[in-house]
Amino acid sequence: MKVLKKASLVRNQKDTAHTKSERSILESIRHPFLVQLHYAFQTPGRLYLILEYLPGGELFSQLEREGVFNEQTARFYLCELALAIGHLHYQGIVYRDLKPENILLTKSGHVKLTDFGLSKEAVNDGTTNTFCGTIEYMAPEVIMRVGHGRSVDWWSLGTLMFDMLSGGPPFSGDNRKLTIERILRAKLNVPPYLTNEAKSLLRGLLQKQVADRLGSGPTDVEEIKKHSFFRHIDWQRVFDKKYEPPFKPVSVLKSDADVSLFDPKFTHENPVESPEEDSMLSASMSNVFQGFTFVDPSVLESVNKEPWVSSNPIRRRPSGSGSGNMAASAGTRRPIPMKPASAATVAESIPEESKKKSKSSAKEASKDKDKSQGQSSEMLDSGQQSSGKQKDKCRLM
1 MKVLKKASLV RNQKDTAHTK SERSILESIR HPFLVQLHYA FQTPGRLYLI
51 LEYLPGGELF SQLEREGVFN EQTARFYLCE LALAIGHLHY QGIVYRDLKP
101 ENILLTKSGH VKLTDFGLSK EAVNDGTTNT FCGTIEYMAP EVIMRVGHGR
151 SVDWWSLGTL MFDMLSGGPP FSGDNRKLTI ERILRAKLNV PPYLTNEAKS
201 LLRGLLQKQV ADRLGSGPTD VEEIKKHSFF RHIDWQRVFD KKYEPPFKPV
251 SVLKSDADVS LFDPKFTHEN PVESPEEDSM LSASMSNVFQ GFTFVDPSVL
301 ESVNKEPWVS SNPIRRRPSG SGSGNMAASA GTRRPIPMKP ASAATVAESI
351 PEESKKKSKS SAKEASKDKD KSQGQSSEML DSGQQSSGKQ KDKCRLM
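No gaps in the numbering here: position 340 of the sequence shown is 340 in UniProt numbering, and each next residue is one more.
For the record, the hints were derived by calculation from the structure and aren't laboratory data.
Hints are all accurate, no fakes.
What follows is a set of in silico ranges between Cβ atoms, one per label pair, in the way DEER data are often shown:
hint, residue 1, residue 2, range
1, K14, P44, 16 to 24 Å
2, S251, I135, 31 to 39 Å
3, K254, K177, 41 to 49 Å
4, Q209, S255, 46 to 54 Å
5, L184, Y90, 27 to 35 Å
6, N189, Q290, 45 to 53 Å
7, K254, P218, 44 to 52 Å
Using 25 Å as the maximum straight-line C-alpha spacing, the simulated BS3-like pairs for lysine-lysine come out as follows:
hint, residue 1, residue 2
8, K265, K107
9, K177, K187
10, K177, K208
11, K107, K242
12, K226, K208
13, K187, K199
14, K5, K265
15, K241, K226
16, K225, K208
17, K241, K225
Even for Gly, the Cβ is constructed at its ideal location relative to N, Cα and C.
All chains should be modelled from the sequences, with the hints used to inform the complete structure.
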């Protein structure tokens, strides 16, 4: 759960715009490698974003544990991230904050890109001028404030690839000023132990001139997918999650509420909020966030289903339940993992108006379902059947 104080946001017009943009982006995107918004709501003093719970922790933590990745492991993560970024670009969104801390892992080990607070909507083939991001992963054109577009995300992907294969970003210095100087002027020194394909991809992504950078052309991600580093990749299998992850959090997690893969300094903090009165706004200022409330249709469907009563008196957690929340205050870059919310808590948090609308929609859906079942019976009588396909797994080479 991400918590933001309205009073802190309205003091800065950019913070307000970024928050509204993040909420809008989270509602609009649906992709296997992008985090899903379950619902959003507000109180007189705060905004709340309830995101899917991802118990695998940050890719940053995994990098800390292993030090560096081999090319096979890096390739797995790069493939999924490339598809996620490519989808955002197709929707006219520039991400602008790619780094290991913003990449979370599902319990099965696949990536989910999160934190869209710095993302920019409606860019398409145009440019924007906001100076934002994390310096070590920031493209030269962002630092120089000459206008930037989608290709900044491909620079960041190259920086992340370098980080995964060498143990750190390519141009980091002892301080902010030195890091900026190196990003703008230093020559890229590629580790000699890498394959020629990996070296070529790094040099292509980390071109300081935008026009020369891999992925800067009109085909965007397609240009990257065709690079020799990915020559053995079946991209449909990547999208379908058929490649086996190099690390599976489910193998070490003891339960759905296990947060051991997150940094202890965040999980050991008490999720205490300041008094609501401290962040109250006037009615006119609160209108700035009008329309912020959102409920994912799938959440409403699960809440409105008839309860199933088990003959077993012992209550057990359903296998595979993984929806949960993470809490963070405004301005905090890394959220605090918390235990998954119960279905009852979810139901109580949903506005009454949304529940009424959902009940009405459920009745209409029930009528449509009866009609559909009648049609299905006729099809079965005529001997028409469908068959499912078995999913196979293969390790990424």
